[in-house]
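Protein chains: 2
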Amino acid sequence: MKRNTKVSTAVIRRLPRYYRQLSELQEAGTERISSSALGKSMGLTASQIRQDLFCFGEFGQQGYGYKVDSLKEEIGEILGISRGHTLIVLGAGNLGRAIIQNFRFSSNGFDLLAAFDVNPALVGSRLAGVPVYHTSELERFIAGHSVDVGLLTVPIAAAQEMGDRLTSAGVKGIWNFTNYEIACADPEVVVESVHFSDSLLTLSYMISQREEQEENS
Amino acid sequence: MKRNTKVSTAVIRRLPRYYRQLSELQEAGTERISSSALGKSMGLTASQIRQDLFCFGEFGQQGYGYKVDSLKEEIGEILGISRGHTLIVLGAGNLGRAIIQNFRFSSNGFDLLAAFDVNPALVGSRLAGVPVYHTSELERFIAGHSVDVGLLTVPIAAAQEMGDRLTSAGVKGIWNFTNYEIACADPEVVVESVHFSDSLLTLSYMISQREEQEENS
Chain U
1 MKRNTKVSTA
11 VIRRLPRYYR
21 QLSELQEAGT
31 ERISSSALGK
41 SMGLTASQIR
51 QDLFCFGEFG
61 QQGYGYKVDS
71 LKEEIGEILG
81 ISRGHTLIVL
91 GAGNLGRAII
101 QNFRFSSNGF
111 DLLAAFDVNP
121 ALVGSRLAGV
131 PVYHTSELER
141 FIAGHSVDVG
151 LLTVPIAAAQ
161 EMGDRLTSAG
171 VKGIWNFTNY
181 EIACADPEVV
191 VESVHFSDSL
201 LTLSYMISQR
211 EEQEENS
Chain Z
1 MKRNTKVSTA
11 VIRRLPRYYR
21 QLSELQEAGT
31 ERISSSALGK
41 SMGLTASQIR
51 QDLFCFGEFG
61 QQGYGYKVDS
71 LKEEIGEILG
81 ISRGHTLIVL
91 GAGNLGRAII
101 QNFRFSSNGF
111 DLLAAFDVNP
121 ALVGSRLAGV
131 PVYHTSELER
141 FIAGHSVDVG
151 LLTVPIAAAQ
161 EMGDRLTSAG
171 VKGIWNFTNY
181 EIACADPEVV
191 VESVHFSDSL
201 LTLSYMISQR
211 EEQEENS
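Protein chains in written order, with our numbering: chain U, 1 to 217; chain Z, 1 to 217.
Any given hint might turn out to be false.
A pair holds if it fits inside one copy or across any two, identical chains being indistinguishable in the list.
Unchecked claim - Below, a list of computed lysine to any residue pairs in the SDA-like style, where the Cα atoms sit at most 25 Å apart:
#, residue 1, residue 2
1, Lys67, Glu188
2, Lys67, Gly170
3, Lys40, Ser199
4, Lys40, His195
5, Lys40, Ala183
6, Lys40, Lys67
7, Lys40, Ile12
8, Lys40, Ala143
9, Lys40, Val11
10, Lys40, Glu212
11, Lys40, Val7
12, Lys40, Tyr180
13, Lys40, Arg13
14, Lys40, Ser8
15, Lys67, Ala185
16, Lys40, Cys184
Derived by calculation from the structure, the hints in this document are not laboratory data.
A quick note: this is a predicted structure, and the numbers were derived from the prediction, not measured.
Make the full structure from the sequences, and use the hints.
Here is the structure:
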């Protein structure tokens, strides 16, 4: 597969959305889709779709649209879904448990190996089949297993320290739910943060815009 | 405050990040910051910062940088934080409870009024002081209170139906954690979705890129 070397962050951020959309189309039994129909379902123009996918090589055929199955598979490849990545969860509080019990790691190509917490009531138990170890076991576990990603749902006060420990232990990425902007000592470690407040404030902005329009009309 | 009418989604998405960054600077006691220093802390260039903020009027003074307090306040105004928005939570499972108990709604300008669930063990109780009602009470509650936003953490099978009920009942926005792409009948209702899988797949992509570089080097 030919790929252009420089792909913008905006395009990269849209790839998972394409993957999600194509998965839904596949489940609905759709075999082919035009760039305009795919765009419409995602709030994008046909030309944006063509440009985005062109960054990663030649998909689809002029006038025939895209084959849903193979486009989904190709995008999955680009996203690394078939690479067999592994993950551990740090922090098995409400949020950690919600994610362990409900998030479909395997659909995203991840194997959830273990969870870590300091709560004696949880250590030694299993959550959705996943063993919970004491946080003091973290380095030993990582040394003995191939761990690609550490998911952080620890309290904000412990966020940086746990991020540092994951980095020192050699993970490739940190999936950060702590709402703390983790400073990573190693530039090779990728930090991806889910900031709930950024999302709510975007919603707040959109609502406020509509309110202002109504007030001024 | 002068505002350009057409602001790109990318700029809007960065506003909450500015607000978060400025809050942290304020807590650290920083009074002034240059566009280059602010940019560096956010992974943006000084010129991007100036362009972004210019969309919303004139902030800062050439050569003096930005006053942290007043820039934070201005951005907060733009985001609608002082508008006194209200919110209810639909679904008080692990994820709903994690958000109710840990998310700082008031820091984001939201007042959390109530939660709704069908679980008899939860109905009638309080979570972090927030009353939990049966989902059958939803319409009556919204009719009696001013509810701006409904937060959805219901199971995916109930997502569209609950989205429809919120829309019919007259909310202005839906904060959607169901991982289901809700189709909204009313174009005036804003749907903002938090898709965990989009975030994890972006991380997967970044890691896979590094792995490929190592394999090819």
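Are any of the numbered hints broken by this structure? If so, which, sorted upward?
Violated: hints 1, 2, 8, 10, 15.
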